[in-house]
Each structure stands twice: as C-alpha cells, then as structure tokens.
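Chains as they are written, first to last, in my numbering: chain D, 1 to 83; chain L, 1 to 150.
I should point out that these hints are in silico values taken from the structure, not numbers from a laboratory. A portion of the hints provided could be inaccurate.
What the hints assert, rightly or not - Computed list of chain L residues with no C-beta within reach of chain D, every gap over 12 angstroms: (1) Thr-29; (2) His-100; (3) Trp-147.
Claimed, not checked - Stretch-level coverage of chain L by chain D, calculated; a stretch enters the list once three of its residues show a Cβ under 8 angstroms from a Cβ in chain D: (4) 9–21; (5) 40–53; (6) 69–81; (7) 106–119.
Ideal Cβ positions, reconstructed from N, Cα and C, are used throughout, including at glycine.
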Amino acid sequence: MKLLYFAWLRQKIGIAEETLDLPPGVETVAALIDWLKTRGPNYAAALDNTKLVRVAVNREYVTYDHRLNAGDEVGLFPPVTGG
Amino acid sequence: MIRVQREDFDPGVELEAMTRGKTHIGGVTSFTGLVRDMAGGTAITAMTLEHYPGMTEKQLAEIEAEAHRRWPLDAVLIIHRYGELKPGDRIVLVATASSHRDAAFDSCRFMIDWLKTKAPFWKLEATDAGSHWVEAKESDDAAADRWRQS
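Isolated chain D (complex conformation) (with noise of 0.2 angstroms):
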C-alpha cells in the first residue's frame, strides 16, 4: 500500500510518502489511521484531530469505513484550501 501525506500533515510526519504492508487487522481507514498514530510521536501529532484528516482512496474521497486493499493508494491530507 501506497500512503501519501500533503500540506502540515506532510510536515508533521515528516515525510511525503511511504509503502508498506498493510499490517494483519487493518481493514478500514479509521483502523489504518489508529495504526498509524502507535508509529510515533510525529504521526500521532499529525493525526491527533480526525476532524481535520481528509482521506483519499486510489484518489477518491472515501469516509473512515471505507475498506482497503492491498494495493490501494491512500493520501491523507488537511481540508483543501485551494482557488
């Protein structure tokens, strides 16, 4: 799986994108990003306000049931900002 990180988000983590393997029990977004946050410090910042987390699967917007597959490309990013 393919994960990408835009805008403070990226800044906070510390990096724009990363693959990995999706681990065993991870199967939907709100699972991935639970996950995520047990990574470190720099991600459980980035992802303390889910409020604030936008997701994107094989760049569509999808909600945080959204269930994932192994070769998904998944961004996470702020609210969009542009115009």
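Got chain D; can you put chain L on it based on the hints?
Relative to the frame of chain D, chain L by itself:
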C-alpha cells in the same frame, strides 16, 4: 478542459481559444482568482500552492463533468496553478460558455464553489513573521452546500 500548471496564464487568450469557431455560444462567464496581499490584517509576502498530482486533475474533471450534467454548456475551462505565487498573481481561472447567460453564470459559480471544497490544493502563506497553512473556511463549505442536490 482542465489544466493544472505552474506557469501563469492569460485569461484573454484562454477565453478566446475557448470560444473560437463556436458561433452558437451566446455568452461566457469567467472567474479569475488572485493572490491577496493581506490575510487577517497580516501582509502576505508569498503564497505556495501544494497539490496532489493525479487526484487534483481527477477531481477537477469530475467537477467539469458535473457542470455539464447540470447545465447545457458548450465549453468549460478550469486552469489552476501550483507552486510559489506572489500577491497579485493569478491562481485560478474558471470559465463556462453556453447559448444563454443563466447557464453560464450559474455553472461558473458552481464550479468555483465546488473546486474550493473538493479539489486537493493547499495554500501556505508566507509573512514576515513566518509561514502558515491556510485553514479551510466554513463559509466555503456553506457556499458549496448551496449546490447540493438531494
């Protein structure tokens, strides 16, 4: 047509290209977004736009398709820039063309409202005191909600 680019654009040239040869078009509405020099009373020295390559284009294409579904449009154009911009620089151009003005006006407003809440772009404002990420505005969500169809 969708374009996401670092370079500036010339609205006059773009609007001319959009309508050239399409003599059934009766009107064009366009919105050009610019970098302001102030935000909340603080002077802005630069603004950097980050985006999600691939997803940004996909979301803009969906906004374009939705505009075509809702209004009888002859042409649609969205150009959005990324990278470092200065106050006064152009950020975005949204334009719609139709036989009649109501469709052109309404669809242009729809597209910029939806773009602001759906297209993955993020603004980083630089000031003399440092830089900060712009927070999403509830007023932008409210503007997009006006176009929600039940």
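Each hint tested on the structure:
| no. | hint | in the structure |
| --- | --- | --- |
| 1 | Thr-29 | holds (16 angstroms) |
| 2 | His-100 | holds (26 angstroms) |
| 3 | Trp-147 | holds (14 angstroms) |
| 4 | 9–21 | violated (count 0) |
| 5 | 40–53 | holds (count 4) |
| 6 | 69–81 | violated (count 1) |
| 7 | 106–119 | holds (count 6) |
Of the hints listed earlier, those the structure fails to meet are numbers 4, 6, in rising order.
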